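S.K.: With the hints as constraints, model all of the structure from the sequences given.
There are 2 protein chains.
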Amino acid sequence: MSRAFNFSAGPATLPEPVLLQVQRELLEWQGERASVMEVSHRGKAFIACAAKAEADLRELMGVPDDYAVLFLQGGATTVSALLAMNLARAGQTAEYLLTGHWGEKALENAKASVRTHVVASDADNAYRRIPDAAAWTRAADSAYFHYTSNETIHGVEFSSLPDVTDVPLVADFSSNFLARPVDVRRFGMIYAGAQKNIGPAGITVAVIRKDLLGRHGRELPPIFDWQNQVKNDSMFNTPPTFPWYVTGLVLQWMRDEGGVEVFARRNAEKAALLYSTIDGSGGFYRNPVDPAARSTMNVPFTLHDEALDKTFLAETEAAGLMGLKGHRALGGMRASIYNAMPLAGVQALADFMRDFAVRHG
Amino acid sequence: MSRAFNFSAGPATLPEPVLLQVQRELLEWQGERASVMEVSHRGKAFIACAAKAEADLRELMGVPDDYAVLFLQGGATTVSALLAMNLARAGQTAEYLLTGHWGEKALENAKASVRTHVVASDADNAYRRIPDAAAWTRAADSAYFHYTSNETIHGVEFSSLPDVTDVPLVADFSSNFLARPVDVRRFGMIYAGAQKNIGPAGITVAVIRKDLLGRHGRELPPIFDWQNQVKNDSMFNTPPTFPWYVTGLVLQWMRDEGGVEVFARRNAEKAALLYSTIDGSGGFYRNPVDPAARSTMNVPFTLHDEALDKTFLAETEAAGLMGLKGHRALGGMRASIYNAMPLAGVQALADFMRDFAVRHG
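Taken in order, these protein sequences are the chains called B and D. Under the UniProt record's numbering, the residue at position 246 of the first sequence is numbered 246, and the numbers go up by one with no gaps. Under the UniProt record's numbering, the residue at position 9 of the second sequence is numbered 9, and the numbers go up by one with no gaps.
A few of these clues could be false.
Just so you know, same-sequence chains aren't split out, so a pair can sit in one copy or run between any two.
[Said to hold, decoys possible] Taking lysine-lysine and the DSS-like style, the derived pairs with C-alpha atoms no more than 30 Å apart in a straight line are:
| hint | residue 1 | residue 2 |
| --- | --- | --- |
| 1 | Lys44 | Lys310 |
| 2 | Lys310 | Lys231 |
| 3 | Lys231 | Lys44 |
| 4 | Lys44 | Lys210 |
| 5 | Lys44 | Lys105 |
| 6 | Lys52 | Lys210 |
| 7 | Lys310 | Lys52 |
| 8 | Lys210 | Lys231 |
| 9 | Lys111 | Lys231 |
| 10 | Lys52 | Lys231 |
What the hints contain is simulated information worked out from the structure, not anything from laboratory work. Note that the coordinates shown come from a computational prediction; the quantities given were computed from them, not determined experimentally.
M.R.: So, in structure tokens, the structure goes:
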């Protein structure tokens, strides 16, 4: 047995050097004579580890000083519920642009806290493109404008930022976080569950313009008021220390590899190889997404005959290509090719797909 | 270097056999050709791992079938906020019995969702005893009665259950979970952050009588409505898979060691040794808690001269006895002696303390 190329959508593949370091220091971490899992989050060693993760993230993303960086629990779904409480007053409107499943979920989780307004939705078109800005219906006086930068299930990604400057732009970047350079100044808030591009499940990063916090005027449980997390460096209660530590190692690895620009080039190359394999298959494989909105991270595709799906999955597994089964909502296949997936993995998948098409075409 | 005896209050010491297994299978888990951190929570292997953790917990605790077992994110503090939303209707009263810091925090986090009523509080006495039930003031028609089974900071523990049978009893067992047998049927809900007795930080276990869910009548974000977590086996969104997996290994270890009764005996023996060392020191060491309410898990103590604190901490560290600095709210020392702390660790601490008292007395 050996490690496979893992195309899972999240939790997802992690850099092997990170896993090797975690394994090496699992019982004794940094002279603490204990595992990183066993030390106090308020001890010097863990505080330094947490601060370094934040500093590395700020450097990688270019986060300005007037933005807070939070490491939160609960996943992006919890954060999508809490952002409505933290960024809007009771009864205020918030705008949502829907390009897939996760945008819908963010909307549902905000409804108890704000009046939601759907700016545009591609639901009737089965989420295969980004709705044209000319057809958006904007709301007056909204607290923020929310969209999903990359839809993990539908494979729809914004290649540029929505042209929204009148209200704070809030974006779920869970599945394309740090996958390409982003101008943080254009945002009120960016958030991302770690388990796709930057770490294990159990921690969610939020980058928030500080002046947006504290305006909500609500009586919130203190644990849900992000001002408390800002004041306490994300340690208002015991944080998920191990996921935070591993995320820090991934961020260090990204710096070692050359930073976000390097990953953006690699990701473009990987995506181009996979889409060209699909488009060049004479219809054997199909991706339904408008080419302008195709995701560089999650590539859903179908086989021309779904009776071949089981064979495809069995043969890819045997070939060491794992996690290719599509989301149950769409069926077919999905290859997730996040930062930690090497070009060699995508090359192996593309080679397999061409060979499979010849044998079963 | 080698591993020390770690008396941290949480995150806390874990069983070494568990850490060795995590280390061994860190890169390739159960034939998945990937780390447990990298596999889908919806894959067969992780679902089996999660189900086994629940089954082992049910067996260890004796959880009846009409109780749900949830593995949640956000820590016990988040759960203390959510339980008020899930177990009470808007405007309904909930009762809180305060025996320390964490009871106060649970109360604060409930206030936005329920009318809170303090049944009794030992705050004026600096939290050194359990308020006598004869002096409690009960509220009419309350949704539940909340207390903290063991106060981690103040070292105050209930040695028996509060005599409350008219409304659902809800208890924070974070720091004495599975430390002794408990009759689950006496409770509406039990919850516990994993990072003291059963795992790493980042996951919180809740055991809830199912019929209590779904009565709240509130418009909650779906992610905060525990009915959704019950329906989805705690996977309404991506769960913290690695903390869940490690918790499962600790539960298996507890079964291998003989179950909760075995730990209850060991915990009683460890606590007796430490308190007798303190009480037998002729006033060199002092624990301020009413003997009837002394915690078997967290033993705060002071030195007769606080000028010796630094020396005590430096010498214990040098002797491989870590994490003894007391909580900043109380000062002094605190020894946390959870399930995974062996008797040998407490013996080493007691021996050190007697020797230190002789040298500095």
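S.K.: At most 30 Å between CA atoms: does that hold for Lys44 and Lys210 within a copy, between copies, both, or neither?
M.R.: within (26 Å within a copy, 42 Å between copies)
S.K.: At most 30 Å between C-alpha atoms: does Lys231 with Lys44 qualify within a copy, between copies, both, or neither?
M.R.: For Lys231 and Lys44, the Cα distance is within 30 Å only inside one copy (18 Å; across copies 41 Å).
S.K.: Could you figure out if Lys310 and Lys52 sit no more than 30 Å apart (CA to CA) within one copy, between two copies, both or neither?
M.R.: between (45 Å within a copy, 28 Å between copies)
S.K.: I want to check one pair: Lys52 and Lys210. Are their C-alpha atoms no more than 30 Å apart within a copy, between two copies, both, or neither?
M.R.: So Lys52 and Lys210 pass the 30 Å test inside one copy only (20 Å; across, 43 Å).
S.K.: Should Lys44 paired with Lys310 be assigned to within, between, both, or neither, using CA atoms and 30 Å as the limit?
M.R.: For Lys44 and Lys310, the Cα distance is within 30 Å only across copies (16 Å; inside one copy 52 Å).
S.K.: Cα distance capped at 30 Å. Does Lys44 pair with Lys105 within a copy, between copies, both, or neither?
M.R.: Close across copies (25 Å), not inside one copy (38 Å); limit 30 Å.
S.K.: Using 30 Å as the alpha carbon limit, work out where Lys310 and Lys231 are close: within a copy, between copies, both or neither.
M.R.: The answer is between: 29 Å across copies meets 30 Å, while 52 Å in one copy does not.
S.K.: Should Lys52 paired with Lys231 be assigned to within, between, both, or neither, using CA atoms and 30 Å as the limit?
M.R.: within (17 Å within a copy, 39 Å between copies)
S.K.: I want to check one pair: Lys111 and Lys231. Are their C-alpha atoms no more than 30 Å apart within a copy, between two copies, both, or neither?
M.R.: both (28 Å within a copy, 21 Å between copies)
S.K.: One pair to classify: Lys210 and Lys231, alpha carbons no more than 30 Å apart. Within, between, both, or neither?
M.R.: For Lys210 and Lys231, the Cα distance is within 30 Å only inside one copy (11 Å; across copies 37 Å).
No hint from the list above goes unmet by this structure.
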